[in-house]
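Chains B and X supply the protein sequences, listed in that same order.
Everything in the first sequence is counted per my numbering, starting at 1 for the first residue and increasing by one.
Everything in the second sequence is counted per my numbering, starting at 1 for the first residue and increasing by one.
By construction, these hints were calculated from the structure, which means they are not laboratory data.
Bear in mind the structure is a predicted one, so any value in this text is a computation, not a measurement.
Careful: at least some of the hints might be erroneous.
[Unchecked claim] Here chain B is said to cover these stretches of chain X; the calculated rule only asks that three of the stretch's residues, wherever they fall, bring their Cβ under 8 angstroms from a Cβ of chain B:
1) 57 to 67
2) 82 to 88
[As the list claims (entries may be wrong)] Residues from chain X that face chain B, not an exhaustive set, calculated with beta carbons under 10 angstroms:
3) 26
4) 28
5) 98
6) 100
7) 113
8) 115
9) 222
10) 246
11) 259
12) 266
13) 268
[Claimed, not checked] These stretches of chain B come out as covered by chain X in the derived footprint (C-beta under 8 angstroms, 3 or more residues):
14) 23 to 35
15) 46 to 52
Even for Gly, the Cβ is constructed at its ideal location relative to N, Cα and C.
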Amino acid sequence: MGTPARRVGDLYRQPDRGGPAQLADVLERVLDKGIVIAGDIQINVLDIELLTIRLRLLVASADKAREMGINWWEGDPFLRKGNQRGLEDRLKRLERSAGIDEADEQEE
Amino acid sequence: VNEPSAPREASATGIYVYGVVGPDTTPTLFADARGVDAAQPVVLVAGDGIVAVTSSVPFPEFGQHALEANLQDPLWLEEKIRAHDGVLAAAIGRTTIVPFRFGAIYESDDHVREMLAERRDLVDALTRLAGKVELGVNGYFDRNRLRERVAAERAPADGEESSGRAYMQRRQLERELDTAVGELAAECSDAVHERLAAAADDARVNPLRPSSGDATREMLLNGAYLVAAGAEDPFRAALDELRARYAGDEVVLEVTGPWPPYNFAEATES
């Protein structure tokens with residue numbers, strides 16, 4: 001702790017194979033773990049649970065799918081495909097935000 | 001923070017809460033963090049002894065109905081979930097974090113303060129998790145190779161048999177092999193978890209993620225371990241020891257994190 005320039009998080013953020021944290025690891029934690037707080041905006045807990053289950057199934061092959069150029073949610077009719085329009089932009093933003101722990105944050 | 005003078009109910013923005021941190025946390029920790037609305041800065045909302053990590057979100061995107069619709073959009077969801085984690089990750093190793101689950105949204109800072117005043121269990125969680133981070137360990141094994149090895153270790157007993165009988169014996173052998181491989185994987189999973197848990201302050205086993213159909217990479221352990229930030233050496237040493245021990249068993253142990261302690265945020269009886 002109390003280290004210079006780089007944060008502790010930067011050192012390990014990537015799994016052993018490199019790259020940003022795998023989607024499955026992030027999804028499982030942020031959607032399914034953490035303290036449950038009832039905010040003013042109510043997300044239906046059952047919806048979240050169903051969503052988590054579906055995502056867990058899908059995400060098992062997500063990173064592999066992405067390597068092969070397939071979208072990870074394809075195969076689930078419930079999940080609507082992202083807008084084809086502007087998809088490129090969103091992916092770029094996504095990659096940027098996924099890489100938030102890496103080099104580019106110095107610029108902000 | 002300057003409150004808008006418009007009535008809160010009519011406000012077009014909500015307050016998204018990522019989690020709470022200790023009262024000594026400086027806002028500069030989050031200066032580079034990008035929130036779930038990337039245009040909005042992360043703002044700390046102080047309560048008594050705890051501080052909420054928040055940012056503004058537009059209701060057209062995060063209001064009740066919009067949110068329900070957006071949850072069905074995988075690209076949107078991935079982006080927001082990574083942002084949620086990214087904001088908290090900015091504070092890892094710098095201050096104690098009690099992460100919230102995705103989607104805690106309030107109408108105003110005052111409502112956030114009310115929540116902080118009501119949820120005194122958050123103060124306990126901060127104490128419990130002081131200076132701690134979570135490491136994930138994903139264990140995988142190669143079912144085919146393990147199966148081959150087990151098969152090779154078993155004496156190929158049969159000689160000349162009638163083809164019908166040989167077929168039945170082969171079927172029987174296959175079943176025994178499957179059972180043996182399953183048992184080996186489960187034993188390995190238990191042993192790895194037990195050893196890692198011993199090197200951690202707390203530990204959780206999560207359900208295995210379904211196989212992606214890749215038999216060379218089937219999940220064997222989905223574990224989460226609570227360790228003191230900056231004192232991860234004993235844990236990593238245990239991991240190396242296990243990697244060496246199971247190197248011949250086609251087992252891969254991948255470590256992820258450090259994470260905010262998502263898996264340990266909720267108090268449990270155990």
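Evaluated hints:
Look at the region 57 to 67 of chain X against chain B: 4 of its residues bring a Cβ nearer than 8 angstroms to a Cβ of that chain, three or more, so the hint holds. Coverage of the region 82 to 88 of chain X by chain B holds [criterion: at least 3 residues with CB-CB distance below 8 angstroms; count 5]. With a least beta-carbon distance of about 13 angstroms to chain B, the hint placing residue 26 of chain X at the interface is violated under the 10 angstroms criterion. About 12 angstroms separates the beta-carbon of residue 28 of chain X from the nearest beta-carbon of chain B, more than 10 angstroms, and the hint is not met.
For residue 98 of chain X, the interface hint holds, the least distance from its beta-carbon to any beta-carbon of chain B being 6 angstroms, beneath 10 angstroms. Interface hint status for residue 100 of chain X: upheld, as the beta-carbon distance to the closest one in chain B is roughly 5 angstroms, under 10 angstroms. Hint status for residue 113 of chain X: violated, given a least beta-carbon distance of 13 angstroms to chain B, over 10 angstroms. At about 7 angstroms, the closest approach between the beta carbon of residue 115 of chain X and any beta carbon in chain B falls short of 10 angstroms, and the interface hint on this residue holds.
The interface hint given for residue 222 of chain X holds, since its Cβ lies 8 angstroms from the closest Cβ of chain B, which is under the 10 angstroms cut-off. About 15 angstroms separates the beta-carbon of residue 246 of chain X from the nearest beta-carbon of chain B, more than 10 angstroms, and the hint is not met. The beta carbon of residue 259 of chain X is positioned within 10 angstroms of a beta carbon in chain B (closest approach about 6 angstroms), and the interface hint is therefore held. Contact between residue 266 of chain X and chain B, as hinted, is supported at the beta carbon level, the nearest pair being about 6 angstroms apart and thus within 10 angstroms.
The beta carbon of residue 268 of chain X comes no nearer than 12 angstroms to any beta carbon in chain B, farther than 10 angstroms, and the hint placing it at the interface is violated. Proximity of the region 23 to 35 of chain B to chain X, defined as three or more residues with a beta carbon under 8 angstroms from a beta carbon of that chain, is established by the 13 residues found. Coverage of the region 46 to 52 of chain B by chain X holds. Counting CB-CB distances below 8 angstroms, 3 residues qualify, and the rule asks for three or more.
When held up to the earlier numbered hints, the structure conflicts with 3, 4, 7, 10 and 13 and fits the remainder.
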